[in-house]
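Position 162 (the sequence shown) corresponds to 301 in my numbering; numbering is contiguous.
These are computed hints drawn from the structure, not numbers from a lab. A few of these clues could be false.
[As the list claims (entries may be wrong)] Distance windows between CB atoms, simulated:
| # | residue 1 | residue 2 | range |
| --- | --- | --- | --- |
| 1 | 348 | 428 | 30 to 36 Å |
| 2 | 247 | 429 | 42 to 48 Å |
| 3 | 293 | 397 | 51 to 57 Å |
| 4 | 340 | 442 | 51 to 57 Å |
| 5 | 197 | 445 | 39 to 45 Å |
| 6 | 478 | 217 | 55 to 61 Å |
| 7 | 484 | 275 | 22 to 28 Å |
| 8 | 397 | 376 | 54 to 60 Å |
[As the list claims (entries may be wrong)] Heads up, simulated SDA-like pairs for lysine to any residue below, C-alpha to C-alpha not over 20 Å straight-line:
| # | residue 1 | residue 2 |
| --- | --- | --- |
| 9 | 432 | 454 |
| 10 | 472 | 342 |
| 11 | 472 | 432 |
Ideal Cβ positions, reconstructed from N, Cα and C, are used throughout, including at glycine.
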Amino acid sequence: MTAFIDRARISVRGGDGGDGAVAWRREKYVPKGGPAGGDGGDGGSVILEVDEGLSTLLDFRYRHEHHAKAGEHGANKDRYGKHGQDIVLRVPAGTMVFDDATSNLLADLRAHGERFVAARGGKGGRGNIHFATPTDRAPRHFERGRPGQERVVRLELKLLADVGLVGFPNVGKSSFIARVSAARPKIADYPFTTLIPNLGVVQLPGERSLVLADIPGLIEGAHAGAGLGHQFLRHLERTRVLVHILEISQIPGRTPLRDYLALRHELVLYDPRLAGRSEILVLNKVDLPATRKRLTRLKKVFAHRGLRLLGISAATGEGVGQVLEAAFAALSKARQEQESETRQKNHEMGHELVRGKL
Numbered sequence: 140m141t142a143f144i145d146r147a148r149i150s151v152r153g154g155d156g157g158d159g160a161v162a163w164r165r166e167k168y169v170p171k172g173g174p175a176g177g178d179g180g181d182g183g184s185v186i187l188e189v190d191e192g193l194s195t196l197l198d199f200r201y202r203h204e205h206h207a208k209a210g211e212h213g214a215n216k217d218r219y220g221k222h223g224q225d226i227v228l229r230v231p232a233g234t235m236v237f238d239d240a241t242s243n244l245l246a247d248l249r250a251h252g253e254r255f256v257a258a259r260g261g262k263g264g265r266g267n268i269h270f271a272t273p274t275d276r277a278p279r280h281f282e283r284g285r286p287g288q289e290r291v292v293r294l295e296l297k298l299l300a301d302v303g304l305v306g307f308p309n310v311g312k313s314s315f316i317a318r319v320s321a322a323r324p325k326i327a328d329y330p331f332t333t334l335i336p337n338l339g340v341v342q343l344p345g346e347r348s349l350v351l352a353d354i355p356g357l358i359e360g361a362h363a364g365a366g367l368g369h370q371f372l373r374h375l376e377r378t379r380v381l382v383h384i385l386e387i388s389q390i391p392g393r394t395p396l397r398d399y400l401a402l403r404h405e406l407v408l409y410d411p412r413l414a415g416r417s418e419i420l421v422l423n424k425v426d427l428p429a430t431r432k433r434l435t436r437l438k439k440v441f442a443h444r445g446l447r448l449l450g451i452s453a454a455t456g457e458g459v460g461q462v463l464e465a466a467f468a469a470l471s472k473a474r475q476e477q478e479s480e481t482r483q484k485n486h487e488m489g490h491e492l493v494r495g496k497l
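Build out the structure end to end from the sequences listed, making use of the hints.
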């Protein structure tokens, strides 16, 4: 299995610009040919480009320095130096680029083919052909190439998923995503937690689709670093719908309602904005007689708190379609609300512009 790497720190440096040249025309019958020094070439840049075929930052795990080539110096006979070649580094969609020294966000790369110049190459210097004047027809002036930009950037990947699957270890998140998509996470019968996030695309009738992310390692205290949750909770920040997968645990003190309240508390402590996400509550493993027997009573317990509980079996597929339809409906509503908010903001900004003109 390919390692999942969602953070990287790399040094990037653009190539230096080439120096301009000081040269003279040397042609027969032209004793005073004048300046003929060409410009130096621009240095290459280091560019980050989104490749939707990538899902991790694994390529940056072992190679931390990326330096573009310098531009060539100018030459005689008005010859310009060759530009240094750019370096294009491919990154997955959802990569955020930070300046490591200041922690300022430089770019948020989401769309396939989107580019960001992480380190710009230096501009080439001018040769003496540019410095001739009526009073100085034989200039010996030239410009040196400018140095390329150099800095350390921090890359952080946040999965671009519509729906996030959350729940305690071994409740069936991996089985659920394997049931509804082509994702094939590791699944075990013993208490086991997925060690990497899994991303799956779900196709629904009517040419509809949504992207699911299984977020591993969520236990009580995850927001503070317990388990693996602190490493992966940020992948929920871009989701619009949360599906809580619950179970009837054999561990004393754990109930589906307590699990839900505990995990919701962890999410809110990590990022209060997650409290506003649409939620779908699911009790898994209803194919087990003991779980099915308690489903009706548990629905009433959740309903007493104004919560709707659905029953499914990730193993057999029972009830899974209902959950996906509920998730798509919640996602559509969230998108409409966001579009409405955007239109309202644009409308208000338009009014402000008009007032400014008046």
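Verification of the supplied hints:
1. 348 - 428: 30 to 36 Å: About 35 Å separates the Cβ atoms of residue 348 and residue 428, which means 30 to 36 Å holds.
2. 247 - 429: 42 to 48 Å: holds (47 Å)
3. 293 - 397: 51 to 57 Å: violated (37 Å)
4. 340 - 442: 51 to 57 Å: Since residue 340 and residue 442 have Cβ atoms about 33 Å apart, the given range 51 to 57 Å is violated.
5. 197 - 445: 39 to 45 Å: holds (44 Å)
6. 478 - 217: 55 to 61 Å: holds (56 Å)
7. 484 - 275: 22 to 28 Å: This hint is violated: roughly 58 Å between Cβ atoms.
8. 397 - 376: 54 to 60 Å: For residue 376 against residue 397, whose Cβ atoms are near 25 Å apart, the range 54 to 60 Å is violated.
9. 432 - 454: holds (17 Å)
10. 472 - 342: Since the Cα atoms of residue 472 and residue 342 sit roughly 18 Å apart, the hinted pair holds (cutoff 20 Å).
11. 472 - 432: violated (33 Å)
Comparing the model with each earlier hint shows violations of hints 3, 4, 7, 8, 11; every other hint is respected.
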